[in-house]
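With the hints in hand, could you dock these two chains into one complex?
Listed below are the residues making up each chain.
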Amino acid sequence: MSTGSAPLPQGIISPGTNPYRGSVVADAWARFADESDVTSIHRDVFETCLAGVDHARTGRSSAGITIYGSAGSGKTHLIGRLRRRLTDDCHSPTLERLSQAFAYVRLNANPESLYRHVRQRVADDLLRGPRRGMTQIDRMILTRLMDADQGGGDLSGWWDHALEERPEDLPELLADFGQTERISTAFIQVLIHLVSRRHRLDVAGWLRGDALPEASYARLGIASNVDDDPELVARSVLIDFMRLAGPQVPLVLCFDQVEALQHDPRDTDAMFRYGQLITDLHDADTNLVLISCMQSSLFDQLRQAIPTYALERMAGFRTSSLQPLHGDQARDLLRQRIRIHGADPDRPAGSAEFWPLDDADLAAIVPDVGCTPRALLDAAATRWDERKRPGQLPVEKLPSTEDWLVQEWERRIETARETSPPEKSDETLRDGIPRLVHVAGGGWRCAGTTDKLALDYVLTGPNDEARVGIKVCEDDGNALASQLKKLVALFPGKANLQKLVLLRDERRPISKNAVKTQQHLKALEQNDAVFVPVPPEAFAALNSLRQILADAAAGDLDCHGRAVGFDTVLGWLRENLPMELRELADQLLLPGTGGIDSSPHLERLQTHLQEAFVVAADEAARALDLPLERILSLASERTDLFGRIDGDRTALFSARMGSSSLSTASN
Amino acid sequence: MSDQQAAVASPRLEEMLDQIFAAADGPLSPRQIRDQIPQAVRPSEAELANALTREGIVAYPGRKDAKTFLNRPPEDLTSSKLLARLQGSPRTRAEVIGAVTPLKALAALSRKQIEGEFDRLVQSGQIQKLPPFVGARTALFSVAPPRPADYLQHALEKIADKLKIPPGELLQSVPELVERWVNASPSHSPSASASSHDAETTGISEATPPEADIASRILQAITEINPRAGKGDLVVIADLRQRLDWQLDKTAFDRALLQMAADRQIALHQFDRAELVSSEDRELLVTDGSGRHFNAVSLWRDA
Numbered sequence: 000m001s002t003g004s005a006p007l008p009q010g011i012i013s014p015g016t017n018p019y020r021g022s023v024v025a026d027a028w029a030r031f032a033d034e035s036d037v038t039s040i041h042r043d044v045f046e047t048c049l050a051g052v053d054h055a056r057t058g059r060s061s062a063g064i065t066i067y068g069s070a071g072s073g074k075t076h077l078i079g080r081l082r083r084r085l086t087d088d089c090h091s092p093t094l095e096r097l098s099q100a101f102a103y104v105r106l107n108a109n110p111e112s113l114y115r116h117v118r119q120r121v122a123d124d125l126l127r128g129p130r131r132g133m134t135q136i137d138r139m140i141l142t143r144l145m146d147a148d149q150g151g152g153d154l155s156g157w158w159d160h161a162l163e164e165r166p167e168d169l170p171e172l173l174a175d176f177g178q179t180e181r182i183s184t185a186f187i188q189v190l191i192h193l194v195s196r197r198h199r200l201d202v203a204g205w206l207r208g209d210a211l212p213e214a215s216y217a218r219l220g221i222a223s224n225v226d227d228d229p230e231l232v233a234r235s236v237l238i239d240f241m242r243l244a245g246p247q248v249p250l251v252l253c254f255d256q257v258e259a260l261q262h263d264p265r266d267t268d269a270m271f272r273y274g275q276l277i278t279d280l281h282d283a284d285t286n287l288v289l290i291s292c293m294q295s296s297l298f299d300q301l302r303q304a305i306p307t308y309a310l311e312r313m314a315g316f317r318t319s320s321l322q323p324l325h326g327d328q329a330r331d332l333l334r335q336r337i338r339i340h341g342a343d344p345d346r347p348a349g350s351a352e353f354w355p356l357d358d359a360d361l362a363a364i365v366p367d368v369g370c371t372p373r374a375l376l377d378a379a380a381t382r383w384d385e386r387k388r389p390g391q392l393p394v395e396k397l398p399s400t401e402d403w404l405v406q407e408w409e410r411r412i413e414t415a416r417e418t419s420p421p422e423k424s425d426e427t428l429r430d431g432i433p434r435l436v437h438v439a440g441g442g443w444r445c446a447g448t449t450d451k452l453a454l455d456y457v458l459t460g461p462n463d464e465a466r467v468g469i470k471v472c473e474d475d476g477n478a479l480a481s482q483l484k485k486l487v488a489l490f491p492g493k494a495n496l497q498k499l500v501l502l503r504d505e506r507r508p509i510s511k512n513a514v515k516t517q518q519h520l521k522a523l524e525q526n527d528a529v530f531v532p533v534p535p536e537a538f539a540a541l542n543s544l545r546q547i548l549a550d551a552a553a554g555d556l557d558c559h560g561r562a563v564g565f566d567t568v569l570g571w572l573r574e575n576l577p578m579e580l581r582e583l584a585d586q587l588l589l590p591g592t593g594g595i596d597s598s599p600h601l602e603r604l605q606t607h608l609q610e611a612f613v614v615a616a617d618e619a620a621r622a623l624d625l626p627l628e629r630i631l632s633l634a635s636e637r638t639d640l641f642g643r644i645d646g647d648r649t650a651l652f653s654a655r656m657g658s659s660s661l662s663t664a665s666n
Numbered sequence: 000m001s002d003q004q005a006a007v008a009s010p011r012l013e014e015m016l017d018q019i020f021a022a023a024d025g026p027l028s029p030r031q032i033r034d035q036i037p038q039a040v041r042p043s044e045a046e047l048a049n050a051l052t053r054e055g056i057v058a059y060p061g062r063k064d065a066k067t068f069l070n071r072p073p074e075d076l077t078s079s080k081l082l083a084r085l086q087g088s089p090r091t092r093a094e095v096i097g098a099v100t101p102l103k104a105l106a107a108l109s110r111k112q113i114e115g116e117f118d119r120l121v122q123s124g125q126i127q128k129l130p131p132f133v134g135a136r137t138a139l140f141s142v143a144p145p146r147p148a149d150y151l152q153h154a155l156e157k158i159a160d161k162l163k164i165p166p167g168e169l170l171q172s173v174p175e176l177v178e179r180w181v182n183a184s185p186s187h188s189p190s191a192s193a194s195s196h197d198a199e200t201t202g203i204s205e206a207t208p209p210e211a212d213i214a215s216r217i218l219q220a221i222t223e224i225n226p227r228a229g230k231g232d233l234v235v236i237a238d239l240r241q242r243l244d245w246q247l248d249k250t251a252f253d254r255a256l257l258q259m260a261a262d263r264q265i266a267l268h269q270f271d272r273a274e275l276v277s278s279e280d281r282e283l284l285v286t287d288g289s290g291r292h293f294n295a296v297s298l299w300r301d302a
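Chain order of the listed sequences is A and B. Under numbering that gives the first Met the number 0, the first residue of the first sequence is numbered 0, with each subsequent residue one higher. Under numbering that gives the first Met the number 0, the first residue of the second sequence is numbered 0, with each subsequent residue one higher.
Same shape as in the complex, but just chain B (with noise of 0.2 Å):
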């Protein structure tokens, strides 16, 4: 192609880039380019690497060194690979974050730049903070509002887990759980308070009971969020109390536990960083009158 032939060819070549870009959903290799326009008008290699460095276009880095481009900067393509990952199921912040960051596109990004733009999203309200799953504490996150089936899959499969059964199983009951809601009185329908359902679940009532009653709750509980947890794994107290609906008062809870620790059924584990966090957050700790705070907490094992 002569120079003169270039210089017309020029404008229509930006114009095709323009589309190509648009179209794709990351940094393309300039092979990747060529291959996208029609024969008869494909530059060549020299022409496409002078039309890539025209103003707006981002050169990133590729596999081996190679370089790759796109027409939109590293935080644009990082706000789009952060809504493509929460297109399908709710997900937390540090799995769309760690899916993410290893992107060699986004490498010229710290993760602290990544997660301020996953701040920014959040803000705009392009991307929704979700309730955790039940039974979890970690909040998700998703570009849909909140689809009750992920929850409902969610409790099912650890139903299923649980009852060591099929989650197609379980499906089976559905038709006599919904007769026994319709024939229900209001205060056990589907609308009564979630909480009430929980306390149903994990057996705690609504008057305190005897001591040795909530220990052997609290030892099922723990067992419930974290099945190894008599292998020496541990549980967060805060996902203990919110196990047990809060039902329990503060001074009761830390009571309860600090009483077990004493009895070798469990041990708790000390949480050093104390003045690192807030006053609220501190709430959620065991604490046992001399300044000691817990954070944790496993099964005993017998040596």
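Isolated chain A (complex conformation) (with noise of 0.2 Å):
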């Protein structure tokens, strides 16, 4: 997130530049917050979540707490100083047993999926190292393991001997362990694979609970989750996490943008789905540390809609806030971004601390009964360019906010498109698909289904006139030959639906020779079930907007000070939704097929290709039984899916590579 340009990624500051733009601190592992930490701000709250880490440690009981803060107050800074100081306070952390793990969740998420993100963000940080590559993960084991071993000296020291004198023993130490602590079969195989440095890739995608080909499950040695809720099987794998924790190894989660869960700032049902998940978790073990982070506006909503127990589990251990800023604070807040900047070549000799701003300009800039982080810095940031080049920037000539949102809409796109890869598809499609009905549907309701296998979700149109079924069909071999077949038996005559939408990312396309599961939509379709293959640009769109308003709920949509609001972004959204997104709303409900042709023979080609990796334009055409003026076509009207070069013969080969193929190529 920006505040009318882009948050200051360290190392291209260059002197001379506003020192006071980019204010909004959009993920907690970002180093710039690093940079720019003034500790004494809201150090009484970080003390307390230390205190709740220290609480978790005894192994007496986990500890809810609770932060609320303005929107732009530092509540995710603050989370970034506790991350540097949970996963790199000591000086040799490959040498030295694990105190706690940490894990940063924003909830940009479906309440329907909530446990299958919240195992997704866990994954992703504790395989994060802090440096010198061992992961949050690797010391959690090793400490484990050796204290099972009863070894003793530093970690790597205790690793490196272990692995020398007797590799054969590590597996059963391994399985040894996990029967102690109960920890499923499955979990620990996977983490005997972890310790062994064999087929990383498929770890990673099992631990984070990723869609893995039939071939990934075969190399770790396990079955998939055919027939599983899924949202249960993401809740065993976090209860093995703690288990591996132990008790000693405090598991801290902070929970940031609360509200992003909301895909209306109406929404009860998201915050009664939260205070389920952390009472949930709460009682699973000892070793947990819940950090909920959330606007203060939110407060009396949250009291409202979550039930006395779950809000006791959220702030058991302690309720705090963040508290605007006054004088000292603000100065030291200014102070530390002119720090970081460097000095500014223009300064004259003598001038001021804060030149080019003055006394008058401090007072004016920081109202009476304090301001937050974020409001300071923006109108420092303002005040600045006045004072510094006059006539350069006048509030007059500062964008609308339609004309801001169109540009930021145009960022956001463009780094979507780079961050929206095929494994991520699954996340996008769950959360994307409910707020997308909400912007575009006109009256349309999203609701979750109980059997999430055979049914991800049910559209019910204005006056219940129509429902629409949707399945997200991210998963690979038998578990999504499993799912399709339980839809064989409930559509049409058992489902009440008047439609049914499967969806897909078009950049994986279903194996050919997953004959089960190609059958299993065969028959489906012939029942009009409609299969969407939804291209890279309806991801991308859908990630920004999925974003976008995340952002907006949370209050961190900041448009050169001020705040847009989310019912702002939603009309906006509304009226210029992306043709792409209209597009892909349409297929959901509108009745019949409409919109994007699947084209089989699309599908075949790029089947074909992701086998062959580089193939003859005419060998195609011939294994395919196709003409070759129709593989040229295809080729030549989707260059984002296919590359070619042409020379006697034309080559075609893939212009994308799923993830299956990068972990069949890694492993």
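Hints were generated in silico from the structure; no laboratory data involved. Warning: the hint list may mix true and false statements.
Some chain A residues judged to face chain B by a derived CB distance under 8 Å, without partners named [to be verified]:
id, residue
1, 69
2, 304
3, 317
4, 322
5, 350
6, 442
7, 446
Cut-off 27 Å, straight-line C-alpha distance, at most; resulting in silico cross-link-like pairs (BS3-like, lysine-lysine) [claimed, not checked]:
id, chain 1, residue 1, chain 2, residue 2
8, A, 451, B, 111
9, B, 66, A, 451
10, B, 157, A, 493
11, B, 230, A, 493
12, A, 451, A, 387
13, A, 484, B, 66
Where a beta carbon is used, it is the ideal one built from N, C-alpha and C, also for glycine.
Below you can see the structure in the form of structure tokens.
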């Protein structure tokens, strides 16, 4: 997120530019936040969190901490400070036992798939290493194994010795440990691969809960959870993470932007589900620190929506709030910005500390009742521009909110194109579809289902006029075949649906070798189910939509110091919904199949190229039994999917490799 | 049992099922149903399974994916669960819905549907909306009219908590209180308005007190509403207004809070969703004259 200009990345700050621009911290792992941190700000809340970690370390009970703050008060910044302290507080992490583990969970997710979202984020962060290679989960495993083995000394020394002297004992040691700690067999099996440095992509994918091909399961030597509720599977993996950490190693989960769970700010169901999640996690083990960060605007709504028992767990250890900044702390923050920015070459000798701002400016930008850090920096940035470059950025010339939203959308689309890989498609669709329906649906409602293996959502039209079932088909192998088989039994007879839509990332075509899956798919299509291969452009737009709405709900959408509210963004999106999303929404909501042509020829060519990698166009035509002209025209129409090398014979290749290909290649 | 006997027994079994379901307060597993049928006429598992497929009997998800059965649809079951939940003490809407939503028998319904059923019962008068407890702001709901004993008990518990004495000890003061009321002038009788009584307890008089006095009363009220406000926990400003019994008009109240924030006696927390609330609710917020709204307050903590 940015405030008119993008956040300042470390290393490209140039003297003479505005030191106060860029005040929104989008991620607790952002390094820029480390540089600009002023530790005296919100110190008491920071220490409360550390006390919560110590409390959990005693093994008596998990600790729930709720932190309220206005938009821009520094919640994410504070979590960043915690992250720094809790992941990097020793000089030689590779040598020392893990004291605690840290995970940052930004809640731009769908309440229907909360456990899956949390599992993914926890796995992502545990697989991060502060430096020198050893990740949090590596240290977590080695710490427990070393204890189980009654080993002494430093972690890496013990590990090197164990690898050299008795590598064959390690799987058994892990298996014994898993049995003692009641960790599931599959989890232990994956950990054995992890410590043996085998199949790392498969291991990471499994820990995160990604859709994996059957080949990955075969390499890992475990079965896929074909018939289990995916939310329950994710929950059990989270419990395994807790048991792996052990009673003396708190697992600190920082939940940020809780309000982003709401698809609409009036939605109380999301809050209720969040309360259920925290209650469940809190009671599952004694070594969790659950830190919930949310807007103080949500305080009353939360009390109304969440039962008392859940509130007691969310804030059982402490509730606290972030105070506004007054004079001294405001000056400290501005001073820190100037320090990391470096000397301004234009600065006259002997000028005041905050030149070009003077004392009157400082007094004017800090209101009597105090202000948030973001409001302070925005006001200081504006004042700096007025003083330093008079006439260059007059307030009346600032873009209108609508113009700013156009620019912001473009910027986000650009970023999303780079950051919407096929591995994230499942999450994007699960969270994005209900949001898209809310934006585009004109009275359509989206609700989750009890049997998530069969159907993900049911969309209901205005006045209950129609029911559309949505199935996200991002699994592979036996899992997808089993899910589609369930659907074949349900649709159209028992499902009470007027339409069934099956969604899958276009970049991950279903293999022609997946015979059962293809059969079930064909049976569903014969009954008028609509299979929609979602193009990458729609994924980029869907991710932008998710993020801009989540930021608006969390108060983190800042247009030159003006907060852009949720309803404003919603209204703008309704007026300006990009074509890719309009088409996707039509696919979901309009009767019949309309919209995108799913083109079986396109699918077949994609599958063929995924297997053959590079192939002559005439050979592809022969293999697929299609005219050469059709093959060449597909390649020309879809340059986003296919590359071609022209010469005596035209060669074709896949412009995109799905995760399965990558994982096959790397393993 | 022969096919002929089964055919004869079926109407009897249906009758028994109706009786069993009528007495049940939730879906029953086949085993629970069979256990309630006298052994002499108890059907086989297959016969019972067959009888449970008849129209009007609804299958619900049970434990470990086993099915349970009832002769009422989920909507009716929701009503009975909601009403059952309100048989005792009055409860808040969130408490009732929160207790009913996780029930596996209602898994087919979304929380919104359960909320809708709750609202329908309120509209139809089967559930009554009651005033909040003294010092609280959240409305209560019950299947019965408000019982003074519930309110008195809640108030007594709060007083006992505040005075740090057992609730039983408070009851010893009741005869003295009754005597005072009997001997008191009409203006101090129990029938006098509740607001004048509350005004006494909060110390706010009809005349506007001096600013320092207002500040100390506000600080006291904040601590009374939430003793943890000094550690950063929040107090909703609407609750604070109510606690002070609306004796300060909006301008004076807002001015007092803004001044206290400037003096770092309290921290005001900005409300970033002002455009989403009604103008009436917005009136309950504090405004600073430059477009900022505040919805919550905590006591100031020095770093």
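Agreement of hint residue 304 of chain A with chain B interface, Cβ distance less than 8 Å: holds, 6 Å
Closest C-beta approach of residue 350 of chain A to chain B relative to 8 Å, hint status: The hint is violated - residue 350 of chain A has no Cβ within 8 Å of chain B, the shortest such distance being about 29 Å.
So, residue 322 of chain A near chain B? Judge it on the closest CB pair being under 8 Å. holds, 4 Å
Is the straight-line distance between the alpha-carbon of residue 230 of chain B and that of residue 493 of chain A 27 Å or less? Since the Cα atoms of residue 230 of chain B and residue 493 of chain A sit roughly 56 Å apart, the hinted pair is violated (cutoff 27 Å).
Would you mind confirming whether the straight-line C-alpha gap from residue 157 of chain B to residue 493 of chain A stays at or under 27 Å? Status violated; Cα separation ~54 Å.
Do the alpha carbons of residue 451 of chain A and residue 111 of chain B lie within 27 Å of each other, as the hint requires? holds, 18 Å
Taking the least C-beta to C-beta distance, is residue 317 of chain A closer than 8 Å to chain B? holds, 7 Å
Verify the interface restraint on residue 446 of chain A: the C-beta must sit less than 8 Å from at least one C-beta of chain B. Nearest chain B Cβ about 5 Å off; hint holds.
A closest beta-carbon separation below 8 Å is what the hint needs, so does residue 69 of chain A meet it against chain B? For residue 69 of chain A, the interface hint holds, since the closest Cβ of chain B sits about 4 Å away, which is under 8 Å.
What's the verdict on residue 66 of chain B and residue 451 of chain A, does the C-alpha distance respect the 27 Å limit or exceed it? holds, 18 Å
Residue 451 of chain A and residue 387 of chain A were given as a pair; does the straight-line alpha-carbon distance stay at or below 27 Å? Outside the cut-off at roughly 58 Å; violated.
Satisfaction of hint between residue 66 of chain B and residue 484 of chain A, Cα-Cα up to 27 Å: Holds. Residue 484 of chain A to residue 66 of chain B sits at ~21 Å (cutoff 27 Å).
Hint check: violations occur at hints 5, 6, 10, 11, 12; the rest are consistent with the structure.
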